[in-house]
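Asks: Chains as they are written, first to last, in the numbering used here: chain A, 1 to 119; chain B, 1 to 110.
If you're looking for bench data, these hints aren't it; they were derived computationally from the structure. Keep in mind that this is a model prediction, so the values were computed, not measured. Just to be clear, a hint being listed does not mean it is correct.
Stated by the list, open to error - Quick list of in silico lysine to aspartate or glutamate cross-link-like pairs, DMTMM-like style, CA-CA up to 25 Å: (1) B:K106 x A:D107; (2) B:K68 x A:D107; (3) A:K45 x B:E83; (4) B:K44 x A:D107.
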Amino acid sequence: QVQLQESGPGLVKPSQTLSLTCTVSGGSISSGGYYWSWIRQHPGKGLEWIGYIYYTGSTYYNPSLKSRVTISLDTSKNQFSLKLSSVTAADTAVYYCAREGGGSSYDPWGQGTLVTVSS
Amino acid sequence: QSALTQPASVSGSPGQSITISCTGTSSDVGGYNYVSWYQQHPGKAPKLMIYDVSNRPSGVSNRFSGSKSGNTASLTISGLQGEDEADYYCSSHTSSSTQVFGGGTKLTVL
Chain A
1 QVQLQESGPG LVKPSQTLSL TCTVSGGSIS SGGYYWSWIR QHPGKGLEWI
51 GYIYYTGSTY YNPSLKSRVT ISLDTSKNQF SLKLSSVTAA DTAVYYCARE
101 GGGSSYDPWG QGTLVTVSS
Chain B
1 QSALTQPASV SGSPGQSITI SCTGTSSDVG GYNYVSWYQQ HPGKAPKLMI
51 YDVSNRPSGV SNRFSGSKSG NTASLTISGL QGEDEADYYC SSHTSSSTQV
101 FGGGTKLTVL
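Please build the complete structure, drawing on both the sequences and the hints.
Replies: Pasting the structure below:
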């Protein structure tokens, strides 16, 4: 079965770029039909969709984050990545990667990784 | 894009049924049969419970059901059990080819 695992720094300084990687096991990110996604959850708050990428490289982003977000694929490593630039304390959140199987159905999810923005 | 609207909290006694609503617009919930529901226990990742408005993934109890009318989708949990106590989120595809989540509903089993 497909499993996802986030990795990356847990602490990022303000104004810097947050970089996370999601490693996919048990399946290929190059196979069609799935969107590889990033979702975040601010402490004690709800889920916020960040964006996703199709195996072709097509990307879709949350309009409120679009100017700062880049999602990319590394098919050789079976990974996809998130970069969020010019971060502030408001970007402190648990970041999840997930596979979207069409129609807004996210399954499975990674366990999530807490990223804190602080100097 | 605005978050879908869910009640902040609902509660019910064991064995009872509860319904959680998720209200959007004709550009998201009302425009597509692409509404999903997620269950999240504290400190855990969300779990897909319903997809495409009313379909259950393999392994999800048939006590969970989904429906939609106009711009509002609903999740019903019948025969409430203590393990159902969790946060629930809806999500929908949008006309901009993006996704949007609801604000979340805390379910308390009394």
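Asks: All hints, please: hold or fail.
Replies: Hints and how they fare:
no.	hint	result
1	B:K106 x A:D107	holds, 21 Å
2	B:K68 x A:D107	holds, 21 Å
3	A:K45 x B:E83	holds, 21 Å
4	B:K44 x A:D107	holds, 14 Å
In terms of the numbered hints stated before, the structure departs from none.
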